[in-house]
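Q: So you can see what is in the structure, the chains are spelled out below.
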Amino acid sequence: MSAIEGLETAHHHADEHAHHHEAQSFWQKYIFCEDHKVIAKQYLITGILWAVVGITMSVIFRIQLGLPDSNLSWLKPILGGWISDAGKLDPNFYLALVTMHGTIMVFFVLTAGLSGTFSNFLIPLQVGARDMASGFMNMLSYWFFFLASVIMFASLFLQQGPAAGGWVIYPPLSALPQAHPGSGMGMTLWLASMAFFIVSQLLGGINYITTVINLRTRGMSFDRLPLTIWSFLITAVLGLISFPVLLSSVLLLIFDRHFGTSFYLSDIYINGEALPNVGGSPILFQHLFWFLGHPEVYIVLLPALGITSEVIATNSRKPIFGYRAMIASMLGIAFLAFIVWAHHMFVTGMNPFLGSVFMFLTLIIAVPSAVKGFNYITTLWKGNIVFTPGMLFSIGLVSLFVSGGLTGIILGNSALDIQLHDTYFVVAHFHLVMGAASAFGLFAGVYHWFPKMFGRMMNTSLGQAHFWLTFIGIYLVFIPMHYVGIAGFPRRYYQFTSYDFTHKFMDMNMFISIAAIFTFLAQFIFLWNFFYSIFKGRKAPQNPWRSNTLEWTAPIIPGHGNWEGEIPAVYRWSYDYSKPGAKEDFIPQNIPYSQTPESNFPHENELIATEKVIESQNFNDQFKTHH
Amino acid sequence: MENVQQYKLEREPQETLAMDPKKFILWLFLVTIIMLFASQSSAYLVRRAEGNWLEFEMPQIFWYSTVVLLMSSVAMQWAYFSAKKDQFQQLKIAISITFVLGLIFLYMQFQGWKELVAMNVYFVGNPSGSFFYVFTGLHGFHIITGLIVLVFALFSAFKLNVHSKNLRRIQISATYWHFLDILWLYLFVFLLTFN
Numbered sequence: 001m002s003a004i005e006g007l008e009t010a011h012h013h014a015d016e017h018a019h020h021h022e023a024q025s026f027w028q029k030y031i032f033c034e035d036h037k038v039i040a041k042q043y044l045i046t047g048i049l050w051a052v053v054g055i056t057m058s059v060i061f062r063i064q065l066g067l068p069d070s071n072l073s074w075l076k077p078i079l080g081g082w083i084s085d086a087g088k089l090d091p092n093f094y095l096a097l098v099t100m101h102g103t104i105m106v107f108f109v110l111t112a113g114l115s116g117t118f119s120n121f122l123i124p125l126q127v128g129a130r131d132m133a134s135g136f137m138n139m140l141s142y143w144f145f146f147l148a149s150v151i152m153f154a155s156l157f158l159q160q161g162p163a164a165g166g167w168v169i170y171p172p173l174s175a176l177p178q179a180h181p182g183s184g185m186g187m188t189l190w191l192a193s194m195a196f197f198i199v200s201q202l203l204g205g206i207n208y209i210t211t212v213i214n215l216r217t218r219g220m221s222f223d224r225l226p227l228t229i230w231s232f233l234i235t236a237v238l239g240l241i242s243f244p245v246l247l248s249s250v251l252l253l254i255f256d257r258h259f260g261t262s263f264y265l266s267d268i269y270i271n272g273e274a275l276p277n278v279g280g281s282p283i284l285f286q287h288l289f290w291f292l293g294h295p296e297v298y299i300v301l302l303p304a305l306g307i308t309s310e311v312i313a314t315n316s317r318k319p320i321f322g323y324r325a326m327i328a329s330m331l332g333i334a335f336l337a338f339i340v341w342a343h344h345m346f347v348t349g350m351n352p353f354l355g356s357v358f359m360f361l362t363l364i365i366a367v368p369s370a371v372k373g374f375n376y377i378t379t380l381w382k383g384n385i386v387f388t389p390g391m392l393f394s395i396g397l398v399s400l401f402v403s404g405g406l407t408g409i410i411l412g413n414s415a416l417d418i419q420l421h422d423t424y425f426v427v428a429h430f431h432l433v434m435g436a437a438s439a440f441g442l443f444a445g446v447y448h449w450f451p452k453m454f455g456r457m458m459n460t461s462l463g464q465a466h467f468w469l470t471f472i473g474i475y476l477v478f479i480p481m482h483y484v485g486i487a488g489f490p491r492r493y494y495q496f497t498s499y500d501f502t503h504k505f506m507d508m509n510m511f512i513s514i515a516a517i518f519t520f521l522a523q524f525i526f527l528w529n530f531f532y533s534i535f536k537g538r539k540a541p542q543n544p545w546r547s548n549t550l551e552w553t554a555p556i557i558p559g560h561g562n563w564e565g566e567i568p569a570v571y572r573w574s575y576d577y578s579k580p581g582a583k584e585d586f587i588p589q590n591i592p593y594s595q596t597p598e599s600n601f602p603h604e605n606e607l608i609a610t611e612k613v614i615e616s617q618n619f620n621d622q623f624k625t626h627h
Numbered sequence: 001m002e003n004v005q006q007y008k009l010e011r012e013p014q015e016t017l018a019m020d021p022k023k024f025i026l027w028l029f030l031v032t033i034i035m036l037f038a039s040q041s042s043a044y045l046v047r048r049a050e051g052n053w054l055e056f057e058m059p060q061i062f063w064y065s066t067v068v069l070l071m072s073s074v075a076m077q078w079a080y081f082s083a084k085k086d087q088f089q090q091l092k093i094a095i096s097i098t099f100v101l102g103l104i105f106l107y108m109q110f111q112g113w114k115e116l117v118a119m120n121v122y123f124v125g126n127p128s129g130s131f132f133y134v135f136t137g138l139h140g141f142h143i144i145t146g147l148i149v150l151v152f153a154l155f156s157a158f159k160l161n162v163h164s165k166n167l168r169r170i171q172i173s174a175t176y177w178h179f180l181d182i183l184w185l186y187l188f189v190f191l192l193t194f195n
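Taken in sequence, the protein lines are chains A and B.
Under the numbering used here, think of the first position of the first sequence as 1, with each following residue one higher.
Under the numbering used here, think of the first position of the second sequence as 1, with each following residue one higher.
Mixed in with the good hints, there may be bad ones.
[What the hints assert, rightly or not] Some but not every residue of chain A turned toward chain B, in silico, with C-beta under 10 Å:
{"no.": "1", "residue": "Asn207"}
{"no.": "2", "residue": "Val237"}
{"no.": "3", "residue": "Ile241"}
{"no.": "4", "residue": "Val245"}
{"no.": "5", "residue": "Leu252"}
{"no.": "6", "residue": "Phe259"}
{"no.": "7", "residue": "Phe263"}
{"no.": "8", "residue": "Ala274"}
{"no.": "9", "residue": "Gly280"}
{"no.": "10", "residue": "Ile283"}
{"no.": "11", "residue": "His287"}
{"no.": "12", "residue": "Leu288"}
{"no.": "13", "residue": "Gly293"}
{"no.": "14", "residue": "Leu420"}
{"no.": "15", "residue": "Phe531"}
No lab work stands behind these hints: they were computed from the structure.
Only a predicted model underlies this, so the values are computations on that prediction, with no experimental measurement involved.
Glycine included, C-beta positions come from ideal geometry on N, C-alpha and C.
Only chain B is shown next, with the shape it has when bound in the complex (with noise of 0.2 Å):
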């Protein structure tokens, strides 16, 4: 038994784990969600491989909230920096930016619906608008899900719970919110491809 002991203090135990268990979690969150988008995906496209398929013009306002989310993504990205680097004041302003742009894309993604109702496409109508809307919906959804995760992060910043030596909060909002540009970029590409 003294041995046994002995032979622990003399190491530290190895880590094992190749990744932190609420980390890994959100990754199977974001497969949930890939999921739920590439099932629409592949309706949408058995849906209009069927013919009878109102085609419109993207209103051009879903390109600046494009750019206004990966400007989102980039003040997110310099978040994280800061936290890294215990730059505190950085870090309040870089996650306070990104939270803002993200409910600047929220509005923006409402104003490109209004756009649309006054193109006559409409949620209830032909399904190539339906679709549209319920991409949209159903990405602003997961936007507003990120929001909220975020609102986590920027409390616990402000708190100054947020630094280099404990950065899992962080983390996973910028992982998740960055998951959520790039799935917004996917849906972009494939809405402008297959209208």
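Just chain A, with the same shape it has in the complex (with noise of 0.2 Å):
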């Protein structure tokens, strides 16, 4: 450690230090924060009480599923009417549960909630930024987001109920106010929130990206760069393109709706009567989503993958397995997942050939896929692993990849995919392989970073049972759930009590909601240890992971600009655990090769002569024109 103090002190320059900072008012600085800091701290804030709004409906629809002769009564005083006097979920309001539930926790939770807080949070301080590029646009893409969210929530209070033609929106069901009573208003806002949720995004992610190229420190050449920063530039890369797609599909499904064209829609009749629209095609619609949709997958796993490497390659003491393979297949998977979109419309009376290229091209997925699997079980190999709650999590993450993934090979097939398509077995398989393995992401950032974030330390124990908890429950809750697919429970439907099939499976649909409800229960224990840690947690030491990245160098709880007086150069990339000879068993970034000759190996001791032209660089510091 006695080397980072030496190093800090070399690079003090009294006059760097003179910049000074205005009193910023309470509005400046927790409410239209443009620090990179406070904005992830308001994403993920939002998405852990988004989280809470999008699991408790899931259990009320499980109840629904698993319990059917359960009286709800005790559920009025939240819900109100949608509960019938006989104690009944309103069959419509079950459709619209289901759809708020997807939207919420796909965009709200996953990506908002995952990408804006760790993308916000880590970017800045791992590339040794002071913050991000535009600290107005980033603000401004919380307050889209928060904007977004508003409009989200009061849409669950409307009389007629929120949207409710499932989160993927399929016109004609989305397009016709006739269809459903949350076709109207309810799916009017919807489109109005996303359309927001869309602007957000795509402020967010041009930042993010103008950030990781632009903005790093002297020495952070893109082979150093971590590999979570890796994740959430090639996630941001995603959102850009796939975005502004969703936000034409949605933008021709307004005007169908609100104008009267006929994007989407042709020869409806209802009641007998033959609607006007002419020459549309819904199919469309389901190109375009889904071209969004199935990048989205990615957007919302990448990020949890990228914050795995980091948190498993600390906590086991060792170099990530294969660095470059690792950044590959991420680009593999970035490339892939724009044209694999037609897997999920196998059964919309495609092509049989195409079929096929589809299910070709699908199935390719399996080999990064496979790759960064293979990478974190030969990470963890022989490592000294500390089973902190965020390394416990990384790995129940990549136990739910590969068990997720698997079933994902089956779905990939178009033949056997007639048989499966919109059965509780795709339920259970995105569910695990991105749902999940996303939550477990989140959360294992948040146990990881939880110490940079508030400068406080979560409770382990509680971490820990939170973990075992939240792992058993989640394989109790969707391994089940295969087989009640395979049995043919189709998705969405209210009840299956008046199916002669289904009641042989009636005890596995109870199990599975038990399951959620104890997961659910489980979750508590979670957002105690969050909110109690904030304030009344134990304090947090400079290093608590002994990890190698730069926000360690930072400030316990780094000021507006990240870090006072210079920004750290950096020498290394940010695997340098338990290296042979080192004193230390990890030697983090900021360290240069010509102080640590007892480690360096041949070829990095020719590295010292490059230390000089490192330093004599360009420091990117945006402050020092501001200020």
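Can you join these two chains into the complex? Each is in its own frame, and there are hints to help.
A: Written out as structure tokens, the structure reads:
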């Protein structure tokens, strides 16, 4: 550790220190704040609140599915008229719950809550920048997200109910107000909210890319970037390319709904009366939607994988296995994400030849995914593993990623998909590989970077208990769900009591629901631990996980501008753990090779000559022009 | 410590940035616009291939508006060169011409819509007409945003804030304006070819 201090004093310039800060008002500091760390926390807290709403919804409809005879009158204070006098859930509201659960979890929790939190928090701190490229745009990004949140939340309280056409909002269900009570005002608000959400994501994503490419500190070349940053960069590029496509599909849908155009509508009869719309194609919407929708899966998953790479390497006390292969596999996944969208549409009457092309491309995704799974396991192999809660959740992510990915190989087959499409098998598959895996990435990130965010530690024992209960609970929910799906249970059905074939699986359905309630209750451990630790947690040390990345060289609670004095320079990659000969089992990125002759490899000794070049480079210090 | 300081004094730090972050942000923003129109174009082609497609002749006025937009781009480039050479009078004239031509373009597009209506091609009806309105409308919307960017450049030009040492604002407006010009050329050719 003395090495770091020595370096800091060596770079200490009295004149560099001169920039002073004007006192900011409460509004500037906490509300319309342009500091990336505050924005990250705003995203995190909003995401957690949305997660509570979204998961509560899933528990309500799981009770309906698994315990169809139960009396839900006790929910009347919250749901009011949606519970009938006999204590039954309104069938239309059931559809709305399923729709809103999907929308909230995919977009508001796992896109904004995950990517928004950690891209904002970690990119400037890990690449060595004072802040994002444009703090103003970043602030706008959060407030557009907030506006989208308010609109979506308001739609929950409509008398007709929120949007209920499924989170994929296929027309004509979503296009015609006559189709469903939720397709009126509820869908209008859904579309408005998503339009703001897209703007928010684009503002955020443009900032992430610009910051990673343009504002890296001295010496932070692309092959020294932590894998977290690589994953955030690739995620942002995916969003940049796919969200405008969602915007255009939503735009055409809005024209169909409110101006009477016929992009998606044709030959529709309601109560025997033909609608005037002719010449549209509902399949067109599906193509446009899934061109976003599939990359969206990776927008959700890749940040979780990046966080996992960092946490697993740190807590195995080993360099990540296959650093370049990890980057290549993420690039491969990102590329393939754009050319597999039609595997969501195998049963739309697609040309079987086209279907087999998309099947082939889909199955190729197994290759880069397997590379990642393999590299995580080989990083763990023979490591000095420290089972922090963040580490447990990262290992849990690898497990969920593998077990959920296996069923992806089954679903990717166009022939098998005819049987399995829109059954609970699909639900179980994507909840494991995308939902739970990404949620585990989110948990891992929160547990790991909580000390940097709030300057305090979360309780480890509670974290471990939270992990085991969640991990067991998730598998208890979703493994039986595969069987229910193979048995033919279609998704989004209100109840299964009226069919013969579903009778013998009702006990299994009940088991799933009880496991879901169990998992739901376990999350309160996290909520308590999180909010309690913000105020009362143990004070965090400078580098609690003995990690290499730059954020741990900043003050324990970094101020505006992250580093006091100069931004540290970077001389090595971020995975020098347990290097043979080194004094400690980690060497932070800002330690030059010239200070560690005992552990250098021959080619690293040659790099000592480049240190002068790195030091003489521009600082990329944004504040130098501002102040 | 002294050594380090001395070393710093001797050598100016090298520029490591290849690109100004603000300009980079603009280019990424252009990518999103490209994706927006790319998805619209592909939707257009997919829908057109399905048949039941109303064919109509593009009104003549869109040819003229294209010329107007091209001229505005030339004026924009003139403004940029003037700013580079610190010729403030020419800069003011050029940037004003760009702005006025942009407004004329918008007006002509609107006239084009009127002619379409006169030809019985409506926004609500066969998707071929609807797409035409969506394409021109979306582009028109972006022209309005381009004009807003231009207004900022215009004001700072009149306050003499745009000069050879402060070119960022005029560069950003010029890049965006040229992009919108090229985008329109693409849409124009696209709509002519696949009418």
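Q: Hint by hint, say whether it matches the structure.
A: Here's how the hints hold up against the structure:
1. Asn207: Check passed: Cβ of Asn207 (chain A) comes within 7 Å of chain B, closer than 10 Å.
2. Val237: holds, 9 Å
3. Ile241: holds, 5 Å
4. Val245: Where the cut-off is 10 Å and the nearest Cβ of chain B is about 4 Å from Val245 (chain A), the hint holds.
5. Leu252: holds, 7 Å
6. Phe259: Hint on Phe259 (chain A): holds, closest Cβ of chain B at ~6 Å, below 10 Å.
7. Phe263: holds, 6 Å
8. Ala274: Hint on Ala274 (chain A): violated, closest Cβ of chain B at ~15 Å, above 10 Å.
9. Gly280: This hint holds: Gly280 (chain A) lies near chain B, its Cβ roughly 6 Å from the closest one there, short of 10 Å.
10. Ile283: Nearest chain B Cβ about 9 Å off; hint holds.
11. His287: Holds: closest Cβ of chain B sits about 7 Å from His287 (chain A), inside 10 Å.
12. Leu288: Because about 6 Å separates Leu288 (chain A) from the closest Cβ in chain B, which is inside the 10 Å limit, the hint holds.
13. Gly293: violated, 13 Å
14. Leu420: violated, 27 Å
15. Phe531: violated, 36 Å
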